[in-house]
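Asks: Using the sequences provided together with the hints, build the complete structure.
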Amino acid sequence: MNFVPLTVHWDGKSVKDNDVRVEFLPVVITCGSQEQFLHCGILDHGTGSSISNAVYKSLNEWDTDIISMCYDTTSFNTGHQCLQAVGVKTGKKSPQL
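Under the working numbering, the first residue of the sequence shown carries the number 1028, and numbering increases by one thereafter.
No wet-lab data here; the hints were simulated from the structure. All C-beta atoms, glycine included, are put in the ideal place defined by N, C-alpha and C. Keep in mind that a hint or two might mislead.
Across the chosen pairs, the derived CB separations fall in these ranges [unchecked claim]:
| # | residue 1 | residue 2 | range |
| --- | --- | --- | --- |
| 1 | T1074 | K1043 | 15 to 23 Å |
| 2 | W1089 | K1043 | 23 to 31 Å |
| 3 | K1040 | E1088 | 14 to 22 Å |
| 4 | C1067 | D1092 | 30 to 38 Å |
| 5 | D1044 | D1090 | 27 to 35 Å |
| 6 | S1076 | V1049 | 13 to 21 Å |
| 7 | S1076 | V1042 | 26 to 34 Å |
| 8 | H1066 | I1094 | 16 to 24 Å |
| 9 | C1058 | D1038 | 29 to 37 Å |
| 10 | S1095 | D1046 | 32 to 40 Å |
| 11 | P1032 | I1069 | 23 to 31 Å |
Replies: Given below as structure tokens:
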């Protein structure tokens, strides 16, 4: 089996739906110039824990192993709870940028 270096990308988006704000989380993987859209779900809460769970679930559903993560630098993504959870769940001790 050939090793394929995959990067997972995610970026939460807050959208107003009527009078309620809804948090969407698109998840994409890339390898070189190729990309694959995995999922875009609605988050119950925009916390690091809910983000890491959604990213991990998307990776498991597609049975993918990643070597790096790409995300914006909000506190939800860079906080120890989110990075630690995604890193542990993907087998990485620390994320690579």
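Asks: Tell me, which hint numbers fail for this structure?
Replies: Violated hints: 4, 7, 9; rest satisfied.
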